[in-house]
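Asks: Under the working numbering, the first residue of the sequence shown is numbered 1, with each subsequent residue one higher.
Check before you lean on any hint, since a few could be wrong.
Across the chosen pairs, the derived CB separations fall in these ranges [claimed, not checked]:
hint, residue 1, residue 2, range
1, Ala31, Pro125, 20 to 30 angstroms
2, Glu17, Arg129, 15 to 25 angstroms
3, Met1, Ala50, 18 to 28 angstroms
4, Asp47, Arg71, 25 to 35 angstroms
Calculated lysine to aspartate or glutamate pairs in the DMTMM-like style (CA-CA distance at most 20 angstroms, straight line) [claimed, not checked]:
hint, residue 1, residue 2
5, Lys77, Asp93
6, Lys70, Glu80
7, Lys70, Glu112
8, Lys77, Glu112
9, Lys70, Glu24
10, Lys54, Glu108
11, Lys54, Asp83
12, Lys54, Glu80
13, Lys54, Asp109
14, Lys77, Glu111
15, Lys77, Asp109
16, Lys77, Glu108
17, Lys70, Asp93
18, Lys54, Glu24
19, Lys77, Glu56
20, Lys77, Glu24
No lab work stands behind these hints, which were simulated from the structure alone.
Think of the CB as a built atom: it goes at the ideal place given N, C-alpha and C, for glycine as much as any other residue.
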Amino acid sequence: MLVLGRMFSQIDAQLGEGLQVFPEVGVVVGASTVRVPDVVITPAGVDCDAPLMKAEQVLLAVEVVSPGSKRVDTTVKPFEYADAGIPNFWLVDPSPPVTVTVYSLTGEDYEESLRAEHVLRVEEPCPLRIDLAALTR
Numbered sequence: 001m002l003v004l005g006r007m008f009s010q011i012d013a014q015l016g017e018g019l020q021v022f023p024e025v026g027v028v029v030g031a032s033t034v035r036v037p038d039v040v041i042t043p044a045g046v047d048c049d050a051p052l053m054k055a056e057q058v059l060l061a062v063e064v065v066s067p068g069s070k071r072v073d074t075t076v077k078p079f080e081y082a083d084a085g086i087p088n089f090w091l092v093d094p095s096p097p098v099t100v101t102v103y104s105l106t107g108e109d110y111e112e113s114l115r116a117e118h119v120l121r122v123e124e125p126c127p128l129r130i131d132l133a134a135l136t137r
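Could you build the full structure based on these sequences and the hints that come with them?
Replies: Written out as C-alpha cells, the structure reads:
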C-alpha cells in the first residue's frame, strides 16, 4: 500500500491538464470481468464516482506486484488489460531494487518497451519521471 500511495503521489504531481489519476478503481475488462488496477491514468472528465470505469477510458494501468497475487499480477491481468485495449501497462516489482517494466499495446498484445530501475522516464501516456527508490524509502 505504501508503494501504491507513493506511486500515485508522484504521478499526480506531474499530470498536466487533460489527464487525471485514480488509485484502485474498478475497470471492466471483459463481458463479466472487473479488475482493480493499483493506479490508472484517464483523460480528464472521466467520472471517478461511477461504480465502474470502462477499459476504453484507461490510458495506463499500473499493477504493484504483491506476494499474494504475484501470478495474477504478472500473467492474468496483463493479458486481460491488453485484450481490453488498455494502451499502456506498468508492472511494478517493489522488491529491492524496485523495478518497473513498461508495456505498450502493439496490435492485440503487450510488448515490453522498457525496464527501469532507480528512475523511470516515459513519454506515454504523458511525460513522467518516477523516482523508484523513493517508493520504498
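Asks: Now, for every hint given, state plainly whether the structure supports it.
Replies: Status of the hints after comparison with the structure:
1. Ala31 <-> Pro125: 20 to 30 angstroms: 26 angstroms, holds
2. Glu17 <-> Arg129: 15 to 25 angstroms: At roughly 18 angstroms between Cβ atoms, Arg129 and Glu17 fall inside 15 to 25 angstroms, so the hint holds.
3. Met1 <-> Ala50: 18 to 28 angstroms: Holds - the Cβ-Cβ distance for Met1 and Ala50, about 24 angstroms, lies within 18 to 28 angstroms.
4. Asp47 <-> Arg71: 25 to 35 angstroms: Since Asp47 and Arg71 have Cβ atoms about 32 angstroms apart, the given range 25 to 35 angstroms holds.
5. Lys77 <-> Asp93: Within the cut-off at roughly 15 angstroms; holds.
6. Lys70 <-> Glu80: Within the cut-off at roughly 15 angstroms; holds.
7. Lys70 <-> Glu112: 18 angstroms, holds
8. Lys77 <-> Glu112: 15 angstroms, holds
9. Lys70 <-> Glu24: Holds. Lys70 to Glu24 sits at ~17 angstroms (cutoff 20 angstroms).
10. Lys54 <-> Glu108: Measuring from Cα to Cα gives roughly 18 angstroms; hence the hint holds.
11. Lys54 <-> Asp83: 13 angstroms, holds
12. Lys54 <-> Glu80: With Cα atoms ~13 angstroms apart, Lys54 and Glu80 stay inside 20 angstroms; holds.
13. Lys54 <-> Asp109: 19 angstroms, holds
14. Lys77 <-> Glu111: Cα-Cα ~14 angstroms, so holds.
15. Lys77 <-> Asp109: 12 angstroms, holds
16. Lys77 <-> Glu108: 14 angstroms, holds
17. Lys70 <-> Asp93: 10 angstroms, holds
18. Lys54 <-> Glu24: The hint holds at about 14 angstroms.
19. Lys77 <-> Glu56: Roughly 16 angstroms between the alpha carbons, so the hint for Lys77 and Glu56 holds.
20. Lys77 <-> Glu24: The hint holds at about 14 angstroms.
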